[in-house]
Amino acid sequence: MFVEYIFSYPGAGFTLQQAVLGNDYALAQAILVVLSVCVIAANLLMDLLNLVLDPRLRTG
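Quick note on numbering: the sequence shown equals residues 6 to 65 in this note's numbering.
Simulated from the structure, these hints should not be mistaken for laboratory data.
Given the structure is predicted, the values throughout are model-derived calculations rather than measurements.
Be a bit skeptical, because a hint or two may be false.
To be verified - FRET-style restraints, in silico, Cβ to Cβ:
| hint | residue 1 | residue 2 | range |
| --- | --- | --- | --- |
| 1 | V42 | E9 | 43 to 51 Å |
| 2 | G16 | L56 | 31 to 39 Å |
| 3 | G16 | L53 | 25 to 33 Å |
| 4 | Y30 | D52 | 50 to 58 Å |
| 5 | T64 | E9 | 23 to 31 Å |
| 6 | G27 | L56 | 24 to 32 Å |
| 7 | V8 | N55 | 26 to 34 Å |
| 8 | A47 | F12 | 34 to 42 Å |
| 9 | Q23 | L49 | 41 to 49 Å |
| 10 | G18 | R63 | 37 to 45 Å |
| 11 | A46 | E9 | 21 to 29 Å |
| 12 | D29 | D59 | 43 to 51 Å |
| 13 | R61 | F7 | 34 to 42 Å |
| 14 | V8 | R63 | 16 to 24 Å |
Where a beta carbon is used, it is the ideal one built from N, C-alpha and C, also for glycine.
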């Protein structure tokens, strides 16, 4: 949100803030779900990449 505010770039943080301030809870929930899924997907991708790249984690 700070980058969006400093550079006047509208993004998900600003939209989330406006949704909460405007009592649009459905939009706020949708944005939070999308952001949560992105974080979970990124963690899964990093775990899989770590498993491929680190030979100590492979079972032999």
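Outcome of the hint check:
1. V42 x E9: 43 to 51 Å: 20 Å, violated
2. G16 x L56: 31 to 39 Å: 32 Å, holds
3. G16 x L53: 25 to 33 Å: 28 Å, holds
4. Y30 x D52: 50 to 58 Å: Violated, at about 32 Å.
5. T64 x E9: 23 to 31 Å: 45 Å, violated
6. G27 x L56: 24 to 32 Å: Since the Cβ atoms of G27 and L56 sit about 43 Å apart, the hinted range of 24 to 32 Å is violated.
7. V8 x N55: 26 to 34 Å: 28 Å, holds
8. A47 x F12: 34 to 42 Å: 23 Å, violated
9. Q23 x L49: 41 to 49 Å: 30 Å, violated
10. G18 x R63: 37 to 45 Å: 39 Å, holds
11. A46 x E9: 21 to 29 Å: 22 Å, holds
12. D29 x D59: 43 to 51 Å: Holds, at about 44 Å.
13. R61 x F7: 34 to 42 Å: Since R61 and F7 have Cβ atoms about 38 Å apart, the given range 34 to 42 Å holds.
14. V8 x R63: 16 to 24 Å: Given range 16 to 24 Å: violated, Cβ gap about 39 Å.
Hint compliance for this structure: hints 1, 4, 5, 6, 8, 9, 14 are not met, and every other hint is.
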